[in-house]
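Chemist: So you can see what is in the structure, the chains are spelled out below.
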Amino acid sequence: MRMQPIRIIFHDVAAIVVCAIFLLPVIWAIASAFKPSEELFEFPPSLFPHHPTLQSFQNIFSTGDVLRYALNSFLVAVGSSLITLLISSMAGFALAKYRFPGQKILFLLIVGMLLVPLQVLMIPVFLVLKTLGWVNSLLGIIIPPAATPTGTFMLRQFILGIPDELIEAARLDGASDWKIYWHVILPLSAPVLAALGILSFTWRWNDYIWPLIAINSQDRYTLQLALANLIGTNTVEWGTLLAYATSVLLPVLVVFVIFQRYFLKGNIAGGVKG
Amino acid sequence: MSEHSLIVDEMPRPDVLRGTLKFLTPYFFLLPTLIIFGLFSLFPLVCGGFMSLYRIDMVNGKWLFIALDNYSRLLRDPVFGQSVLNTFWYAIAVVPGTLIASLAVALFLRESRPARLVARLGFYIPFVLSPVVVATSWKWLLNEDFGVVDDLLRVLGLSSIPWLTSQFPARFSVVVTTVWNLVGFYMLMFLAGLSQIRGELYEAAKIEGASVLQRFYYVTLPMLRPTILLVVVLTTVHSVQAFESILLLTDGGPANSTRLIVQNMYDAAFLHLNPGYGVAQAILLLPVILFIAWIQMRMLKSEGEG
Amino acid sequence: MFFPRTSFIAAACTLFAAIHQADGKTLTVLLLANQSTQKQIQVTLQGYSKEHPEITFDISIVSNSSFPAKLNTLLASGNPPDIVEVTTGYIQLYAPQALDLSRYIDPGVLVNRYLASYREFIKSGEKVIGIPIEATANGLFYNKDLFDKAGVSVPEDPDHAWTWEQFKEAIETVKKRTNCRLGVAYDRSVMRWSNLLYQTDGTWISEDGKTFLPDREATVRAMKYFRELMDAKLIPASSWPGNTDAGQLFRTGVAAAMWSGNWQLKALIEKGTRFRFGTTYFPKDKIRATAPGGEFLIGMQGSPNRDDAAQLILWWAQPENTKRYLDSLGGSLLSPMKDLEINYGSYAEYLKPMLSDLLVTPPRVAEDLARPAMARIQDDLINELVLYETGNQDLEITLRNAKQIGQNAIEASGNPGREP
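Residue numbers (the working numbering), protein chains in the order written: chain A, 1 to 274; chain B, 1 to 306; chain C, 1 to 420.
What the hints contain is simulated information worked out from the structure, not anything from laboratory work.
This structure is a prediction, so every number in the text was calculated from the model and none was measured.
Mixed in with the good hints, there may be bad ones.
[Unchecked claim] Facing chain A, according to a computed beta carbon distance under 10 Å, are these residues of chain B, among others:
hint: 1; residue: Y27
hint: 2; residue: L45
hint: 3; residue: R113
hint: 4; residue: P226
[Stated by the list, open to error] Straight-line C-alpha distance at most 30 Å; calculated DSS-like pairs for lysine-lysine:
hint: 5; chain 1: B; residue 1: K62; chain 2: C; residue 2: K286
hint: 6; chain 1: C; residue 1: K286; chain 2: C; residue 2: K168
hint: 7; chain 1: A; residue 1: K130; chain 2: C; residue 2: K25
Cβ atoms here follow ideal geometry from the backbone N, Cα and C, with glycine treated the same way.
Start from the sequences, fold in the hints, and give me the full structure.
Modeler: And the structure:
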């Protein structure tokens, strides 16, 4: 029984309206990025600028070598995400489809590490980075966060749902474990890999603590570090900050738009529980 | 063809080399994760464990061994206790709140029509905002002297609510801000989970005369069980780790009512310059939280895994 | 899938290698994020590099809230930066690890270049631990349009500075007659509140450094006065107990006054406001006082380049170089050095009352603020104050808690007394 067309249109409109209300704080932040500074905190507060200007956006470039920060952020986000996808799927495969001693404990341990906040362990972590020679190097913010327990968790849960018959079929064809991983497990995991990819990119793009610990030189800064520095000791450059934050937001949204269709189609054909 | 199957109920057969290799296979797959994890999470945690046995004067670089003194102090520390309680209430509000909100939004935006796809993007945006922006924009909206929300209340003839400066409203605001932040991502999780439910199941239910609600309860929910587990565990983890945007929003106030455990750890390490005390908190809480995570997994996994 | 990953790691490594410098000496500098000053500091350092081409600087900028985390991590792991910028709140905390400049120059000569208040911050026993590069003072701003509309006048000279009672009346009158929403936008920090304590001629810590809140009467006076302001709704809830920056509140144009400091001037003047504003003298109780603040440069004993760092710091301490830096700021920040002719430009008229307040403030105020114990208790202390001032806690309990917090900090700081 199909819904009446009117109902569908109404549903569409409702979706947009609810979404707009939901986004009110964001709309305020983005609109404020276009306000000239006197308007920024005036009273009565207005949502949209009376005299829109790109001044705040222009100011971004005078805060430092923004293009370099952007490049660094990209290298880190993409590099780390690729590593995450690889090693999380490997680990998830091992935890889901093998039985071996220490399996449960290992899994619990990995997930448990999520619960210890990085802030508290800054000093020992820095010492490890120092020993590896990764202080002030982008490697120090690409590699360590790549082993994200959430990733392992997500992949394990998903791979658990892959029917064993598929794996045994590949076995019967004489495939090695690695081939099974590469040709059976990975393709089937596309939806969750896309989700993890989006998530990982977002996390690494927005990472603040890692770069704070590991990076000293300004030319290795990521956008988030530079953004945080707009919160000055006594005063805050709100206009520039909002413009900056708005701009920093965009690549993540682009990644989302690109990858969401892999993620949402799922792979219903045969491989997955449902 | 009794080839060594991946799923074995007993240990691998003892063909020496082959057996060893097969035995090692899962560890091989786990290796990269384990190495990084070992170096950057486990080892620092162990170091932290040692640190928690000392009173450390960071400025002078002096370490004084005090054994379990930090822990006994913690058990008597009212601020620590308060922060644990606050985190508990926070998690209890955020986990179901996010679960229900994101499931509702996912169901609402289930069809892939253009308007709904745009709305999905919209709901996702708050998730990727940096905590600074989240806190700033909400702080401005909830400002009781001239924030939009209170202005609206005044226009309606109601009195303004001190959203950020009074205990209960502050807690409410902090939860709302968090759920607002998280909905977008978990909506995606549910959308993926929903997309994997075969249409035939709904058809079958309809033929049996099931109503919309019954279809939801008997088809959708059970099929979503793995996703629900994922969402519950991840949001619990998030609740436990919550720190930055709350710090900027209420600074743990008023009167420590929105102070969560991570803020407490951070303050111990970097404000009071006593990192041993900070790590002790993490170590003390770790088993508790692991236990909760384990329970969650048991409760939600029993039927979800074949 | 391997290919893109490998190439990215390769790219990262190349980036790292490409940036690595090999010749000359590089001094690592840790600066506070501050849009008003960070550029000028870097420019000044570049000026030094021009004169001394073998020295280059690797500059890190960290926001204030992350500063303790970053600096302490570096120190605890044996990687101290060569030069660090610190505020008045923190400088004495690092006194034991700071580089002693008296090994490179006659301490008397160096210290006496600076205003009396600032000498206290840079002395630690026999050591001279750093130099001030800029000075701030807390001060009172007011909305001229609102005051004019209400027909209330502000003190024109220090002899006519308001008393506490008069200040309260002035704000009340302006608020009542103009119906403006906010009274005094007041930063929620220990330092800003301290002005009241000093104006009653009290201090946080006793002269011998051993007792916290030694003068009960003065403390109670200050606490009660602030409470009066709160009860009369003259202080907006979003600053106490909320934490909104006073500058933000003042710029809405609906606040009668702002109790903050001269650093707000840059934004107010450069970005402009929709209303006219001015500055005036702090109200006085027993004495006139304002809390001095500022930024300092210190070196670190543990750094391998400490001799070069010392040279840089002493170069900056030469009057012409200090002046050049302050001039480059356009005059928005004050000079911590005596007898330095800074061109304050358009800021001059606004700075006048604050400078005047600063000059009459007794040096023991600076000494008090400089004590390491003060750096440790900011958060806890403000929590207690907020509880009392918002009417959520009894006076006696607050006093008791505050004293406890303070005493604990004094003990933890380990150096209860300061050698004369």
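Chemist: Hint by hint, say whether it matches the structure.
Modeler: Going down the list of hints, with the structure as the test:
no. : hint             : result
1   : Y27              : 7 Å, holds
2   : L45              : 6 Å, holds
3   : R113             : 6 Å, holds
4   : P226             : 6 Å, holds
5   : B:K62 to C:K286  : 43 Å, violated
6   : C:K286 to C:K168 : 16 Å, holds
7   : A:K130 to C:K25  : 20 Å, holds
Hint compliance for this structure: hint 5 alone is broken.
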